[in-house]
Each structure stands twice: as C-alpha cells, then as structure tokens.
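S.K.: Each chain is listed here by its residues.
There are 2 protein chains.
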Amino acid sequence: MTILEAAAQLRAKATTSRQLTENCLARIELLNPRLNAFLTVTADHALAQAHQADRELAAGHSRGPLHGIPIALKDVFETKGIRTTLGSLLFKDHIPTTDAAVTEKLSAAGAVLLGKTHMHELAYGVTSSNPHFGPVRNPWNTNCVPGGSSGGSGAAVAADMCFMAMGSDTGGSIRIPAAFCNTVGLKPTYGRVSRRGVLPLDFSLDHMGPLTRSVRDAALCLQSLAGLDPLDDTSSPEPVDDYLPPPSVSLAGTRIGVPENYYFDHIDPAVQSSVRHMVQLAAGLGAKVEVIRVPDIPAMNATARVILLSEASATMERFQHRRLEIGPDVRFLLDQGRFLAATDYINAQRARRVFRDQFLELFRRVDVIFTPATPTAAATIGQTTVRIGDHDEDFRLATTRFARAINLLGFPALSMPCGFDANHMPLGLQIIAAPFEERQLLAVAAALEDQTDFHLQSPPL
Amino acid sequence: MTILEAAAQLRAKATTSRQLTENCLARIELLNPRLNAFLTVTADHALAQAHQADRELAAGHSRGPLHGIPIALKDVFETKGIRTTLGSLLFKDHIPTTDAAVTEKLSAAGAVLLGKTHMHELAYGVTSSNPHFGPVRNPWNTNCVPGGSSGGSGAAVAADMCFMAMGSDTGGSIRIPAAFCNTVGLKPTYGRVSRRGVLPLDFSLDHMGPLTRSVRDAALCLQSLAGLDPLDDTSSPEPVDDYLPPPSVSLAGTRIGVPENYYFDHIDPAVQSSVRHMVQLAAGLGAKVEVIRVPDIPAMNATARVILLSEASATMERFQHRRLEIGPDVRFLLDQGRFLAATDYINAQRARRVFRDQFLELFRRVDVIFTPATPTAAATIGQTTVRIGDHDEDFRLATTRFARAINLLGFPALSMPCGFDANHMPLGLQIIAAPFEERQLLAVAAALEDQTDFHLQSPPL
Numbered sequence: 002m003t004i005l006e007a008a009a010q011l012r013a014k015a016t017t018s019r020q021l022t023e024n025c026l027a028r029i030e031l032l033n034p035r036l037n038a039f040l041t042v043t044a045d046h047a048l049a050q051a052h053q054a055d056r057e058l059a060a061g062h063s064r065g066p067l068h069g070i071p072i073a074l075k076d077v078f079e080t081k082g083i084r085t086t087l088g089s090l091l092f093k094d095h096i097p098t099t100d101a102a103v104t105e106k107l108s109a110a111g112a113v114l115l116g117k118t119h120m121h122e123l124a125y126g127v128t129s130s131n132p133h134f135g136p137v138r139n140p141w142n143t144n145c146v147p148g149g150s151s152g153g154s155g156a157a158v159a160a161d162m163c164f165m166a167m168g169s170d171t172g173g174s175i176r177i178p179a180a181f182c183n184t185v186g187l188k189p190t191y192g193r194v195s196r197r198g199v200l201p202l203d204f205s206l207d208h209m210g211p212l213t214r215s216v217r218d219a220a221l222c223l224q225s226l227a228g229l230d231p232l233d234d235t236s237s238p239e240p241v242d243d244y245l246p247p248p249s250v251s252l253a254g255t256r257i258g259v260p261e262n263y264y265f266d267h268i269d270p271a272v273q274s275s276v277r278h279m280v281q282l283a284a285g286l287g288a289k290v291e292v293i294r295v296p297d298i299p300a301m302n303a304t305a306r307v308i309l310l311s312e313a314s315a316t317m318e319r320f321q322h323r324r325l326e327i328g329p330d331v332r333f334l335l336d337q338g339r340f341l342a343a344t345d346y347i348n349a350q351r352a353r354r355v356f357r358d359q360f361l362e363l364f365r366r367v368d369v370i371f372t373p374a375t376p377t378a379a380a381t382i383g384q385t386t387v388r389i390g391d392h393d394e395d396f397r398l399a400t401t402r403f404a405r406a407i408n409l410l411g412f413p414a415l416s417m418p419c420g421f422d423a424n425h426m427p428l429g430l431q432i433i434a435a436p437f438e439e440r441q442l443l444a445v446a447a448a449l450e451d452q453t454d455f456h457l458q459s460p461p462l
Numbered sequence: 002m003t004i005l006e007a008a009a010q011l012r013a014k015a016t017t018s019r020q021l022t023e024n025c026l027a028r029i030e031l032l033n034p035r036l037n038a039f040l041t042v043t044a045d046h047a048l049a050q051a052h053q054a055d056r057e058l059a060a061g062h063s064r065g066p067l068h069g070i071p072i073a074l075k076d077v078f079e080t081k082g083i084r085t086t087l088g089s090l091l092f093k094d095h096i097p098t099t100d101a102a103v104t105e106k107l108s109a110a111g112a113v114l115l116g117k118t119h120m121h122e123l124a125y126g127v128t129s130s131n132p133h134f135g136p137v138r139n140p141w142n143t144n145c146v147p148g149g150s151s152g153g154s155g156a157a158v159a160a161d162m163c164f165m166a167m168g169s170d171t172g173g174s175i176r177i178p179a180a181f182c183n184t185v186g187l188k189p190t191y192g193r194v195s196r197r198g199v200l201p202l203d204f205s206l207d208h209m210g211p212l213t214r215s216v217r218d219a220a221l222c223l224q225s226l227a228g229l230d231p232l233d234d235t236s237s238p239e240p241v242d243d244y245l246p247p248p249s250v251s252l253a254g255t256r257i258g259v260p261e262n263y264y265f266d267h268i269d270p271a272v273q274s275s276v277r278h279m280v281q282l283a284a285g286l287g288a289k290v291e292v293i294r295v296p297d298i299p300a301m302n303a304t305a306r307v308i309l310l311s312e313a314s315a316t317m318e319r320f321q322h323r324r325l326e327i328g329p330d331v332r333f334l335l336d337q338g339r340f341l342a343a344t345d346y347i348n349a350q351r352a353r354r355v356f357r358d359q360f361l362e363l364f365r366r367v368d369v370i371f372t373p374a375t376p377t378a379a380a381t382i383g384q385t386t387v388r389i390g391d392h393d394e395d396f397r398l399a400t401t402r403f404a405r406a407i408n409l410l411g412f413p414a415l416s417m418p419c420g421f422d423a424n425h426m427p428l429g430l431q432i433i434a435a436p437f438e439e440r441q442l443l444a445v446a447a448a449l450e451d452q453t454d455f456h457l458q459s460p461p462l
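Chains as they are written, first to last, in my numbering: chain A, 2 to 462; chain B, 2 to 462.
Calculated directly from the structure, the hints in this document are not laboratory data.
For glycine and all other residues, C-beta sits at the position ideal for the given N, C-alpha and C.
Don't take every hint at face value.
Which stretches of chain B does chain A cover? Using the computed rule of at least three CB atoms under 8 angstroms from a CB of chain A, they are [said to hold, decoys possible]:
| hint | stretch |
| --- | --- |
| 1 | 218-231 |
| 2 | 335-342 |
| 3 | 345-352 |
Restraint-style ranges between C-beta atoms, simulated for each label pair [said to hold, decoys possible]:
| hint | chain 1 | residue 1 | chain 2 | residue 2 | range |
| --- | --- | --- | --- | --- | --- |
| 4 | A | 321 | B | 324 | 28 to 36 angstroms |
| 5 | A | 395 | B | 383 | 25 to 33 angstroms |
| 6 | A | 340 | B | 6 | 35 to 43 angstroms |
| 7 | B | 285 | A | 109 | 49 to 57 angstroms |
| 8 | B | 384 | A | 395 | 53 to 61 angstroms |
| 9 | B | 240 | A | 388 | 55 to 63 angstroms |
| 10 | A | 239 | B | 385 | 49 to 57 angstroms |
| 11 | A | 321 | B | 320 | 44 to 52 angstroms |
| 12 | B | 320 | A | 423 | 50 to 58 angstroms |
| 13 | B | 322 | A | 265 | 36 to 44 angstroms |
Which stretches of chain A does chain B cover? Using the computed rule of at least three CB atoms under 8 angstroms from a CB of chain B, they are [what the hints assert, rightly or not]:
| hint | stretch |
| --- | --- |
| 14 | 18-31 |
| 15 | 346-352 |
Kindly generate the complete structure, drawing on both the sequences and the hints.
M.R.: Structure (structure tokens):
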C-alpha cells in the first residue's frame with residue numbers, strides 16, 4: 002500500500018493510524034531480526050503519535066497526506082530524546098535534545114515515527130556490513146546488500162515495515178538502496194531540503210530525501226520537506242512547487258536525454274535492456290528522445306571524491322582522539338582525507354563549477370536525462386568486487402559511479418524501479434533534472450510508473 | 002584638486018579634460034622616475050579619451066562626475082590592448098584582448114585612463130621592493146615604502162599624478178597604501194564590485210576598490226563601479242545605494258564602536274593619539290561612542306592566512322612549470338600554500354563563518370567601528386622588521402594585522418587620513434561597517450573629513 006492509498010483509506014475511515022502503525026510494528030517485529038533494517042524501534046512513541054493522529058482526524062483536522070502515516074528516519078536525523086547513532090560507536094549513546102529540521106517537518110505533517118533505520122557507519126562505510134551494528138540484508142535476497150548508505154531505509158520500505166523512510170545522499174546513498182531494493186529514492190536539489198540537525202558528512206555534497214514505494218509518495222513527502230530554513234545556511238529560498246503529479250501525466254513534448262557515452266558502458270546486460278525499455282516507453286508516451294554526450298563523468302566522480310574525502314575528514318577532525326572507535330574502513334577514508342592538499346580541494350571546487358556549467362548547457366536541450374542508477378544489481382554481503390562483462394570492478398566504486406557525479410552538480414535525481422536482473426534482483430532507472438525542477442522530474446517518473454508494474458512487485462519474504 | 006572639484010570645473014567650462022589629462026601626464030613625466038608609481042603610461046590613449054570626453058561634454062552630453070577625469074588602474078585590471086603585468090614576469094608581455102569589468106565601467110563613465118600602476122608581485126609580495134620592476138617610493142619620503150600591494154596606486158594619487166587609482170585588497174592592499182600615502186582607500190563589501198578580468202589572488206578574500214584624495218571622491222567612484230555582474234559568480238545582486246554623502250553630514254545618533262581590545266595594543270603612540278582624536282571628533286559631532294570587545298583578531302588573521310596561502314597556490318598551480326620566473330618571496334609563499342592540508346582550509350572556511358556571525362552580532366550594537374589602519378606609518382624600503390614599543394615585529398605581519406581580518410569578513414572598510422607620526426609620515430583611520438552599508442561608512446568618513454585638513458596636506462615633492 003502506498004501513502005496515497007493509505008491516506009485515502011484514512012480519509013474514508015476504512016482504517017486508522019493506529020491500525021497502520023500496528024501493522025508496521027508487527028512487520029518490523031517479524032522481519033527486523035532477519036533484515037536488521039532498524040537500529041531503534043520507537044513502538045510506544047509511534048502508538049502515541051498514531052493515537053494523537055486518529056484523534057485529530059476524527060475531529061476533522063487533517064494535517065495533509067502524511068497525517069497518521071507510519072514512517073522511519075535514517076539514523077542520521079536527530080530525534081529529540083531518541084538515540085541517534087549515525088551507525089557509529091562515537092554516537093552510540095547520543096540522545097539529541099532537539100529534532101532535526103526533517104524530523105520537525107514530518108512531525109508537523111502528522112507522520113508517525115516508527116524508529117531509526119540502519120546505515121553505513123557515519124554514512125561513509127566501504128564494506129556492506131557495518132562493523133558495529135552488523136549488516137542490513139536485502140529483502141529480495143537476504144544474502145545480498147541493500148545498498149548504502151541508507152540501506153536500512155531501502156530495506157524497511159521494500160519490506161513494508163513503513164510507508165516511507167528518509168535517507169541522505171552524498172554520493173548515491175538514497176538512489177543506490179532505492180535501486181537495489183526496488184523502491185523510489187529521491188535526491189532533491191542541493192538546498193531544497195534543510196540539513197539542520199544532521200551531522201554533515203560532507204557540507205557541499207549532502208542531500209536529504211525520501212525512499213518510498215511510489216513516485217507520487219515521493220512527491221507528497223517532498224511537499225512536506227521542501228522550503229527555506231533560515232537556520233540552515235545552505236538552504237535555498239527558491240519557491241516551493243506543487244510536486245504531486247496529476248493522476249494522468251502526458252509526456253508529449255518532454256525532451257529526454259539519453260547519453261551515448263559512459264552510462265551504458267560496462268553494465269550488466271539486464272540493466273542495459275531495462276533502462277532502454279524505459280526510454281522506449283517514454284517515447285511511446287510522446288517524449289522526444291535526444292541522444293546526448295555527457296561531460297567527463299569519471300573526472301566528475303574523481304572531483305567529488307576529493308571533495309568528499311576532504312570535507313568528511315574536516316568534519317570528523319574533532320573525533321581524532323577517538324579514532325579507534327571508528328571501523329577500519331571509515332578510519333582509512335578519514336586518514337586519506339587528512340593527507341589531501343588544500344590546493345587539490347580548491348581546484349576540485351573550481352572544476353565543479355565548470356562541470357556544472359557544462360550540465361546546465363545540456364539542460365537547455367533536454368528536460369531530463371535517463372541513465373541506469375547502478376551498473377549492476379546488489380552484490381552479496383561481503384563481496385568486494387563485482388564482475389561486469391569480462392573484468393572485475395571494486396564494488397563500491399562500481400555502485401556509485403553513476404550517482405556520485407550528480408551530487409557534485411547538486412541537481413535533483415531519483416531512482417525508480419525499472420526491472421530485474423537474471424537473479425530477479427531489482428534494477429533502478431536514474432532520472433536527472435535541472436536545479437529545482439523536481440516537479441518535472443517527478444512528473445516524468447510518474448508517467449513511466451503508471452505504465453509499469455515493477456514497483457508493485459514484492460520481495461520474497 | 003578632487004574629482005568633485007574637477008567635475009565642477011569641467012561643468013563650468015573652467016577647464017577641459019585635455020587640460021586635466023595633460024597636467025597629470027606632466028606630473029607623471031616629472032615624478033615617475035623618482036616614484037616608480039606607473040608601470041605603463043598610456044599617454045596617447047589618454048589624450049584620445051580626453052579629446053572624446055571634451056567633445057561629448059561640449060555637446061552637452063555628460064556621462065556623470067567621472068566624465069573626463071584622468072585615472073589609473075592597478076596593473077591587475079585587464080585593459081584591452083594594454084599590457085597588464087600583475088607586477089610579474091609571468092605576465093610581462095600579457096596584452097589582454099578584453100577589458101576587466103572595472104575597466105569597462107570606468108570607461109563607460111567617461112574616465113580617462115592614464116596608465117597602469119605598479120604593485121607587489123602578483124599582489125602577493127613580501128618585501129617592499131618588487132624584484133622585477135623595482136620598488137615604488139612613498140611621495141612623503143622616497144626612502145619609504147608606499148605600502149602594498151596597491152603601492153603604485155597610493156603613490157600616484159598622493160603625488161597628484163591622477164585623480165583616482167583603482168586597487169585590489171586581499172589582506173589590506175587598498176587600505177594600507179591609502180594610510181601610508183595619506184589618501185582615502187575604500188574596500189567595498191565582498192561582491193559589491195565585479196572582479197571579472199582580474200586574475201584572482203584569492204577567490205574568497207579579493208576585493209576591488211578606489212584610492213582617492215577625498216571620501217566623496219571614493220563615493221563617486223563606487224557609484225560607477227558597484228552593481229551585479231552576471232559574468233562574475235561572486236558578484237552580489239544587492240541593490241546599489243546612493244553613495245555620495247551630502248555636503249553636510251550629521252553624526253547625531255550614529256553609534257561608533259571603539260574596540261577596547263587588540264586594536265590599540267602595540268601601536269605607535271602617534272597612531273594611538275590620532276585615532277583617539279578622530280573618535281573625539283565624531284563624538285563632538287553627535288556620534289554615540291560605544292566601547293566594544295572585538296572577536297579574536299589574531300585568530301581571524303591566522304584563518305585568513307590559511308585561506309590566502311591555499312587559494313593563491315591553487316590559482317597559481319598552472320604556472321608551476323614557470324616557478325623560477327617568480328621572485329623568491331612569492332615563490333616561498335606559493336610553496337607554503339601547496340603544503341597546507343585540505344582539512345585546514347575547510348576548517349578555516351568554517352571558522353570564518355563563526356567570526357562573521359560574531360561581527361554581525363557586534364553590528365547590532367554599533368553602526369561603524371573605528372580602528373587604526375596600521376600600527377605604524379610606512380617603513381623604510383628594505384626594512385623587514387619594525388620596532389613598536391620595546392619589541393620588533395615582522396613588518397608585513399605588523400602592517401596587515403588590522404586590515405586582514407576584515408577581508409575574512411568581507412565587510413566594507415576604508416582608510417582615511419587622520420594625522421602624521423613624529424617623522425611627519427601619514428597615518429590612517431580604518432572605519433568598518435556592516436555588509437553593503439557603504440553609504441553609512443562613507444557618510445561617517447565624510448563628516449570627519451569635513452572637520453579635518455589632513456587630506457589637504459601635500460607630500461614634500
């Protein structure tokens with residue numbers, strides 16, 4: 002069931018927030034021991050919120066489509082009085098005294114908080130298994146990773162433990178778990194959703210956004226999350242659009258760019274055919290398909306990595322005296338970042354502007370760009386390389402290589418279900434739009450979703 | 002004669018642009034061999050521009066107060082077809098194919114370009130003498146430095162070689178030569194004046210502004226220079242004010258902050274008494290004097306130096322293969338910058354925001370802040386340390402220590418004549434205002450100038 006459907010049932014008194022919440026809690030109780038998607042379950046808190054929502058709804062006071070809907074937050078979002086670990090021993094006993102902006106906004110919209118989802122250590126881990134809290138498992142195959150760093154959020158939404166889970170995305174951390182778990186994952190434009198109350202991994206690459214079971218659910222969530230936060234210096238004053246796509250979307254006249262370079266090289270043939278199928282579907286709906294050449298994506302990924310390594314190490318410098326509490330993979334990344342030169346960082350930020358201008362130029366010719374979200378489906382837990390065609394690639398680098406460059410740009414992008422590989426593991430289509438064009442992005446995605454049933458398929462749990 | 006007076010004479014047909022220009026060229030011919038203020042004199046170009054200005058003025062078409070006024074540009078501003086050296090061998094034969102934004106704006110305002118003024122090597126030199134083009138000499142004592150890096154501009158204005166000379170200011174490079182040469186020097190708010198067509202020394206600390214013989218002249222120049230430049234990413238869309246102070250300015254109700262910490266420690270007693278005298282003068286004009294505590298200025302200076310070293314080295318990295326053409330002092334600074342860590346740079350930028358917030362808080366209580374521009378007057382050419390009280394300080398560090406922190410803030414500040422030391426060398430009062438409060442800043446300065454005659458005194462040439 003989607004948020005849109007649940008909200009309709011609540012309005013029709015066909016269900017209650019308490020019922021929805023109890024169903025989710027039962028699902029969590031049943032499946033979390035196998036999936037490890039939640040680090041903290043706030044059952045009492047959730048039931049109290051559901052009770053409150055039901056009272057308000059019964060009194061005719063609706064806060065909107067999220068009112069009474071059970072959701073979850075990646076454990077990076079501060080929650081007043083509720084442990085917020087960041088998947089790290091550094092924060093294992095951290096009880097925030099205030100809510101993050103996202104927590105506040107969802108609470109004000111009447112959403113019911115079920116708990117905090119598992120994640121890569123500090124949203125930065127390399128391996129698929131968090132060294133402190135164990136691995137999250139993919140509902141489609143519990144031997145596989147759910148993708149990261151918002152892996153718990155992807156698994157929780159895919160396994161029907163909640164209607165939506167928030168993620169954060171610095172180099173693909175929303176879109177990758179969305180692709181690997183068969184959910185929608187939306188990374189809004191940089192500055193669109195406040196980051197207040199989230200320990201930054203990387204000031205200039207971090208984005209906050211929802212993982213949901215449908216495109217329209219993502220739009221509903223963005224509607225509640227978007228807007229200027231005067232307390233977040235990176236928050237944008239750009240006006241908030243009406244994001245919910247209409248029940249029927251036309252693609253007539255929409256210009257879809259499909260890269261002829263990079264994005265279709267060295268990928269699983271199933272990814273190739275699934276994404277090409279979505280392009281044809283869009284063309285069938287009246288979209289104009291344009292073959293484009295994208296800028297140098299490997300250079301963009303390298304540029305983003307210099308920025309990420311540097312900024313993450315700068316943020317974490319104050320924990321240097323507790324470095325032994327950090328797992329070896331993240332510690333190694335933090336050490337790498339400490340040895341980068343200031344000039345490398347500055348020149349990376351300068352190069353970034355050039356890439357951004359090149360992409361803005363591309364977006365004069367097209368409205369959206371279609372690419373695969375990842376070159377392959379999820380790998381097995383513990384697997385460090387992945388075989389693509391006739392050679393092996395580092396799994397983390399392979400997984401992030403279609404997503405990371407878009408964080409460098411700060412442009413909005415989403416991943417949506419687009420098919421399955423030979424092992425029936427889910428695959429994602431990435432759609433990228435120009436800055437603050439989330440409305441367009443979501444409309445195109447909704448048009449495709451309306452013509453497909455990938456998102457309706459359930460994992461074999 | 003000031004610009005305001007010359008413009009009145011032009012209007013009254015009491016003089017011509019040609020006459021003003023010939024006078025300046027004669028003065029340059031007479032004095033430049035002694036002062037070395039100009040690297041390039043564009044006599045033919047200037048006379049042609051003056052001729053054109055006279056024709057337009059005779060036809061009743063006035064472009065405003067700078068129309069027909071002879072001015073000069075620091076040799077960092079690109080001038081189409083006119084050599085632009087940056088005081089460096091790297092650019093000794095550089096003939097730009099386009100004008101800098103400042104060049105364009107002054108040309109559009111009808112100003113007559115006399116030539117390009119001398120400067121520290123790459124606006125970054127340590128020693129008082131440029132190793133390639135020799136030292137600029139201070140008109141008040143030709144054994145002394147004029148201050149840097151816009152030393153040629155300070156000397157040229159003080160020696161009546163031009164009515165105004167543009168400077169650039171990364172750590173005091175407008176205000177210091179203004180103070181040492183007895184001129185007004187205005188560093189506008191970061192983003193107020195376009196930097197297009199100036200090779201950046203430091204993206205986040207560079208500011209462009211005028212050196213003039215009076216406060217109102219600085220206001221007239223700012224009026225022509227200010228405004229959004231869509232081709233400069235750091236240019237601000239903040240509306241342009243009406244900057245020219247009225248003929249009579251009241252200070253009734255103006256709140257003047259005078260720091261009780263840092264700015265009056267370790268300074269020449271003559272600086273102490275001169276600046277205190279200006280405070281009393283302001284109080285006599287009705288201003289309310291508030292004793293304030295400023296944030297940790299040495300920490301701000303250190304933060305600014307990390308940023309400067311890093312960004313300058315990043316900019317100049319592409320000249321690494323020509324490093325032996327760079328003088329030893331600048332080469333040493335560039336090498337230092339290459340060894341700074343990315344994390345140091347990032348944390349410096351983070352600290353900067355904290356300092357900025359602290360100063361914004363201060364500016365809720367006061368409208369402007371008065372400090373000395375420098376701890377002492379100009380030193381002798383070649384002198385590397387300066388004795389203040391009972392100890393020696395590095396001259397460059399001493400000279401910049403009141404100015405540099407304000408570049409970190411990006412707030413507007415000016416230096417204006419406020420007296421002379423025991424050797425009759427000029428001293429400067431620094432006035433600092435809140436972002437985009439140039440109008441207020443210039444009004445306070447004009448009120449003081451109207452009550453004093455320091456700016457009317459001429460160097461003994």
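S.K.: Mind listing which of the numbered hints don't hold for this structure, in increasing order?
M.R.: Hints 1, 5, 6, 11, 14 not satisfied by this model.
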